[in-house]
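Visitor: Protein chains in written order, with our numbering: chain A, 9 to 180; chain B, 39 to 676.
One or more hints might be untrue.
Said to hold, decoys possible - With a straight-line cut-off of 30 Å between C-alpha atoms, the simulated DSSO-like cross-links for lysine-lysine are:
1) B:K363 / B:K56
2) B:K126 / B:K100
3) B:K229 / A:K150
4) A:K112 / B:K382
5) B:K665 / A:K145
6) B:K614 / B:K648
7) B:K229 / B:K95
8) B:K126 / A:K145
As the list claims (entries may be wrong) - Covered stretches of chain B, going by a simulated chain A footprint (3 or more residues, C-beta under 8 Å):
9) 101-111
10) 183-191
11) 544-554
Hints were generated in silico from the structure; no laboratory data involved. The beta carbon of each residue, even a glycine, is placed where N, CA and C say it ideally should be.
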Amino acid sequence: MAEEEIEVKEKTRKILEGIENEGRSLIPILQKIQEGFGYLPQEAMLEVARHLNIPEIDVYSVATFYNQFRLTPPGKHSIKVCMGTACHVKGGHIALAAWQRRLKVEPGETTPDRQFDLDTVACVGCCAMAPVTVVDKKVEAKVDPTRVDGILLSYQLQKEKEGKEIHSRGNS
Amino acid sequence: MNCPYRKTYMISAFKQIKERAETCWQELWNGQMPVILLGTATCGRAAGSLEVLEAIKELVRKQNLNCSISEVGCMGHCYAEPLMIIGKPGYPPISYGHVNSVLAENLILNFLINDDPCFEFILGALEPNDLIPSFSDFPRSKYEKKIILKRCGHINPEEIDHYIGNGGYEGLLKALQMEPDEIIEEIKRSKLRGLGGAGFPAGEKWEVCRSSPGEPKYLICNGDEGDPGAFMDRAILESDPHSVIEGMIIAGYAIGARHGYVYVRAEYPLAVQRVQLAIRRAEELKFLGENILGSDFSFDISLFQGSGAFVCGEATAMIASIEGKPGIPRYRPPRLATRGLFGKPTVLNNVKTLAYVSHIIKNGADWFAQMGTERSKGTAVFALAGKVVNTGLVEVPMGTTLGELVFQVGSGITKGKRFKAVQIGGPSGGCLSEESLDIPIDFDSLQESGAMMGSGGMVVLDEDDCMVEVARYFLDFTQKESCGKCTMCRLGTKQMLEILEDITKGRGRMEDIEILSDLAEDIKAGSLCGLGKTAPNPVLTTLRYFREEYETHIIKKRCPALTCQDLVAYYIIPEKCVRSCDACVGTCTVEAISANKKGIKVIDQGKCVKCGTCLSACPPQYNAVIKLSPPDRVPASK
């Protein structure tokens with residue numbers, strides 16, 4: 009554990025190099041750290057507070073105020089279900105329920121095998137394709153419960169192809 | 039800027055840049071070589087345009103075709119994405135909709151090699167001609183007037199030369215030859231109002247900021263388009279970023295600012311990338327930086343990426359966010375124009391407002407003021423979405439009626455359903471019913487109707503949408519996005535949400551309607567910023583126009599639109615169900631459907647999750663699956 013912490017610290021210091029130590033840089037810094045780690049490790053946030061010479065609570069308050077920042081490591085694949093108005097009237101909540109049913113996690117959680125992150129997003133601006141789900145970085149259009157099964161199946165097949173152990177998910 | 043020497047220098051410097059840009063633009067459209075344009079804004083990408091682009095490039099390379107390929111932004115016809123335009127000498131430029139890799143390859147081969155424009159796939163020609171119907175022949179074009187969307191989808195947003203070759207930065211050149219006060223006067227005379235939603239006169243804001251003491255002054259462009267269902271700012275930033283940059287430089291010169299920020303939300307990665315590139319290109323050509331075009335005016339722009347908080351669209355919250363703090367609004371006054379970013383005088387304008395600035399400077403205030411209505415000038419940009427045929431971006435003169443927008447420009451409701459309401463202005467706006475279709479679109483008329491102009495999201499709802507559920511949806515949104523500073527907003531919206539949830543689940547009481555209206559007024563009065571002040575609007579407008587729907591939910595425990603999941607049940611009519619068909623059984627995701635002894639399908643109500651998959655799977659010739667409300671109308675199975 010201690011080794012990991014040192015590693016995080018060093019990587020954070022590298023990210024912080026050359027960034028002016030002014031409070032106004034806080035959000036861009038946190039964005040860079042999240043880009044590097046995939047989330048905001050506690051050790052990294054402490055390091056940022058030291059670098060900017062501000063109380064740790066200030067870093068934590070910004071990190072928890074904005075939806076974009078996450079405090080836990082992400083899963084392998086991210087699934088973001090759009091909850092915009094256009095998606096909602098075309099069945100976005102039905103798509104979300106289908107994802108929840110299959111992955112057996114609530115929005116904001118990661119599956120126990122760390123394969124999938126389930127999340128909601130306010131609106132990705134692809135209202136003409138509603139309802140949409142952003143899977144990794146690809147926007148999937150017109151997602152209904154059967155399409156949810158289809159997308160998950162494609163991941164499972166891909167995994168089988170890679171010859172790894174298959175965890176059948178939700179279909180038990 | 040009265041020194042004649044500087045003026046001459048500026049004009050000649052710009053002339054050089056412009057000549058080079060025009061050569062570059064004409065090289066693309068030289069009348070010798072065919073041009074292929076592909077829309078690769080986010081909506082196009084969602085429909086698969088990047089795969090199409092790869093396929094086209096591959097084809098052109100393999101076949102050794104003599105043509106140029108260029109990416110463009112969003113033309114606004116989102117219903118037909120991905121969109122491809124082919125310009126072949128001897129033909130007008132033709133646009134094709136719904137292309138995929140195979141279709142794109144066939145179109146290019148047939149058209150470029152065999153001279154067959156493939157009429158069956160044509161969406162429309164870009165210019166009027168005798169051969170092919172053009173967009174200007176469409177009935178909707180009678181209502182549209184494109185000004186800030188004009189270049190979108192026609193130029194490559196990553197090429198500054200395309201922008202300059204089409205009249206770009208001419209407004210800036212003209213502005214730099216004017217005195218700042220003259221510019222402010224011109225904007226005031228044009229009566230340009232903030233297009234971010236509130237409609238505050240832009241010129242007045244600028245004037246106060248200019249005359250306020252404090253240096254340096256700041257300019258912020260608000261691109262934090264948080265309203266769900268709105269994507270106008272995204273499309274402009276992705277398709278024509280330089281129009282916003284140019285507007286910012288002119289505004290910066292007018293108010294005497296030294297620094298500018300473009301605040302773009304995190305959910306728009308492509309817009310972030312294109313704005314960043316646009317800033318760099320503008321710096322290279324000396325439109326930004328020290329002594330712009332050789333004048334004594336210096337100005338720079340940096341991009342600030344939001345982090346996913348709806349409230350940051352509010353001016354004071356946005357400033358807190360740029361300063362590195364949580365985006366929590368503060369009390370006004372002092373107004374931003376006197377004390378804004380880092381305590382200095384600041385002007386904050388929406389993307390669309392700033393995109394308008396160079397047009398007004400170039401064409402004059404009178405040109406602008408002749409469009410629109412008495413008190414709302416110019417055009418309005420809307421993102422049409424929901425149950426409307428032509429989803430996409432539209433720009434119409436202020437004063438166009440809602441009905442014209444939905445039925446003429448949007449071509450009416452999908453699947454031949456009945457129009458029910460139009461939700462305008464996002465979570466701050468409201469739902470307007472059929473009787474409101476004659477309301478002209480302008481700031482004041484919409485305000486009177488209980489909705490608001492908002493940033494321009496317009497979601498069309500049909501007979502299948504439950505208005506109580508729509509109100510609940512928006513309250514759920516604002517309740518989650520409330521920053522928590524004001525008690526009424528933080529707890530009041532929570533109370534309203536719980537009441538609405540009760541109603542949609544069949545637990546409502548008649549007195550709830552009264553409580554909702556009371557709470558709505560209290561939240562409006564007890565909140566600091568726009569988020570809380572407008573959060574109850576969706577509830578108030580639905581109560582005003584659709585009160586009987588609330589009452590049906592409460593008294594009869596029934597959802598008239600058959601939407602509220604707790605109040606409906608799916609049922610298969612035995613007389614209509616066919617023995618040999620298994621469509622619903624196979625698609626049911628929770629295995630709730632089975633066949634009885636006669637081969638007739640029955641839904642296990644205990645297992646059913648009401649996702650509606652069986653309803654869409656049942657073949658239309660049988661039409662055996664229906665929704666019933668309240669659920670106890672389902673006959674007990676024998």
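Visitor: Checking each numbered hint in turn, tell me which of them this model violates, lowest number first.
Guide: Violated hints: 1, 3, 4, 5, 7, 8, 9, 10 and 11; rest satisfied.
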